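With the hints as extra help, turn the sequences into a complete structure.
Numbering (our numbering), first residue to last: -19 to 293.
For the record, the hints were derived by calculation from the structure and aren't laboratory data.
Note that the structure is predicted; figures quoted are calculated from it, not measured.
A few of these clues could be false.
[As the list claims (entries may be wrong)] Calculated pairs, SDA-like style, for lysine to any residue (alpha carbon to alpha carbon, straight line, at most 25 Å): (1) Lys151 to Thr121; (2) Lys151 to Ile274; (3) Lys151 to Leu13; (4) Lys151 to Leu33; (5) Lys151 to Pro269.
[Claimed, not checked] Simulated DEER-style distance windows between Cβ atoms: (6) Arg255 to Val56: 24 to 34 Å; (7) Leu120 to Asp247: 36 to 46 Å; (8) Asp264 to Glu40: 25 to 35 Å; (9) Val258 to Arg210: 18 to 28 Å; (10) Phe90 to Leu33: 21 to 31 Å; (11) Glu40 to Met178: 17 to 27 Å; (12) Val26 to Arg255: 22 to 32 Å; (13) Arg284 to Arg59: 14 to 24 Å; (14) Thr135 to Arg210: 28 to 38 Å; (15) Leu20 to Asn110: 38 to 48 Å; (16) Gln92 to Asp264: 18 to 28 Å.
Cβ coordinates follow ideal geometry from the N, Cα and C atoms, glycine included.
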Amino acid sequence: MENCEPLPGGDPEVDSGGAGGKGASVSAVHAVLRVAAYPLLLAGAVSVGAAALCLDWDPEHVSPLFLLSVISYLTVLERLIPYRRSWHPNAGEWRWYGVYFLLTMVASAFAQYLVSAVVSEVSTRESDLNLWAEIPAALLTGSLASYLVHRLGHTNAILWRLHGVHHVPEKVNVANNGVNHVLDIVLAQGTVQLALAMVGFSRDSVFIVGLFVAAQGYFVHANIDVRIGRLNHVLASPEQHRLHHSTDLSEAGHYGSDLSIWDHVFDSYTWRPGREPVSVGLGDPASFPRTGEIVASLLHPLRRAKGPGTGSA
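Encoded structure:
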């Protein structure tokens, strides 16, 4: 890990802990959390995956429990080491985000159902690779599919009217990671799952990769003052994803939410140490309904465009 001083644009109140020894103790705890938070998250994903395989746990039970644990862990960290306190959700936003989260879960399940139906028809056989060779291959395959469909969501005017719903909030935090149009989730997750299924990766490898991807997806959206240094060139991070939500398209990029290597390959990598967005959200907020207008957001793709056709600005 690289140095852990507060980011230039970070919250000046983060380390306030009172006078004397108490303040120093609080600052020390915060410093440790900034370094340890991400390794602990990765260790948790590995431990749960290994235990599930060794003890033959049912993935259909493990995956949602793991996801809820990740969300809870990151939500606590947002309170302890926030990047910006102003990005914490208010009471109204928590309600909206909860509805979107449930819709996202339903859309994810529907995408899985569609993929299962397709695969049952084409009868794709499973890979003959050893599991430990299969896991990185499945991760690279799924990550590439995710990158491509995500980038298309920003560059195709029709798909942007779906994906743009996710970019409406003017803050980035764990809770609004679930703010999505249901069709965008069906398309994105269905594409990734179909790619993995058509190659023929085993159920175990897809399960293990799924745990990592779920953890990464919420981690990159977390409003936490954590940096991962040179690992940014391999793994996605909050530092990069905040830029992805920037209203300045010249620095946005970063379509990978698990690995960052495809951003390097396809020239959409813009992060450098200390770089952060001035503002996040839409450059033309009137081009989409506000996040709290849930029904209007879901119907938005059916309405005539009023603003920029693509991008997050």
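Inset, instruction - Take the C-alpha atoms of Lys151 and Ile274, compute the straight-line distance between them, and say whether it is at most 25 Å. - result: holds, 17 Å
Legend entry - Whether the CB-CB distance between Thr135 and Arg210 falls inside 28 to 38 Å: The hinted range 28 to 38 Å holds for Thr135 and Arg210, with Cβ atoms some 29 Å apart.
Legend entry - Proposed proximity, Leu13 with Lys151 (alpha carbon, max 25 Å): holds, 22 Å
Inset, instruction - Starting from the hint 22 to 32 Å, judge whether the C-beta atoms of Val26 and Arg255 obey it. - result: holds, 30 Å
Legend entry - Pairwise beta carbon distance, Glu40 to Met178, judged against the given window 17 to 27 Å: For Met178 against Glu40, whose Cβ atoms are near 22 Å apart, the range 17 to 27 Å holds.
Legend entry - Agreement of Lys151 and Leu33 with the hint, judged by alpha carbon distance not exceeding 25 Å: Not satisfied, since the Cα-Cα distance of roughly 37 Å exceeds 25 Å.
Inset, instruction - Note whether the CB distance of Phe90 and Leu33 lies within 21 to 31 Å or breaks it. - result: holds, 27 Å
Legend entry - Lys151 paired with Pro269 [C-alpha distance capped at 25 Å]: Since the Cα atoms of Lys151 and Pro269 sit roughly 16 Å apart, the hinted pair holds (cutoff 25 Å).
Inset, instruction - Given the range 24 to 34 Å, decide if the beta-carbon distance of Arg255 to Val56 lies inside it. - result: holds, 27 Å
Inset, instruction - Check the following: the C-beta atoms of Val258 and Arg210 are separated by a distance inside 18 to 28 Å. - result: holds, 25 Å
Legend entry - Outcome of range test on Cβ distance (Leu20, Asn110; 38 to 48 Å): violated, 28 Å
Inset, instruction - Determine whether the Cβ-Cβ distance between Leu120 and Asp247 falls within the hinted range of 36 to 46 Å. - result: Violated: the Cβ-Cβ distance is about 18 Å, outside 36 to 46 Å.
In summary, the numbered hints that this structure violates are 1, 4, 7, 8, 13, 15 and 16.
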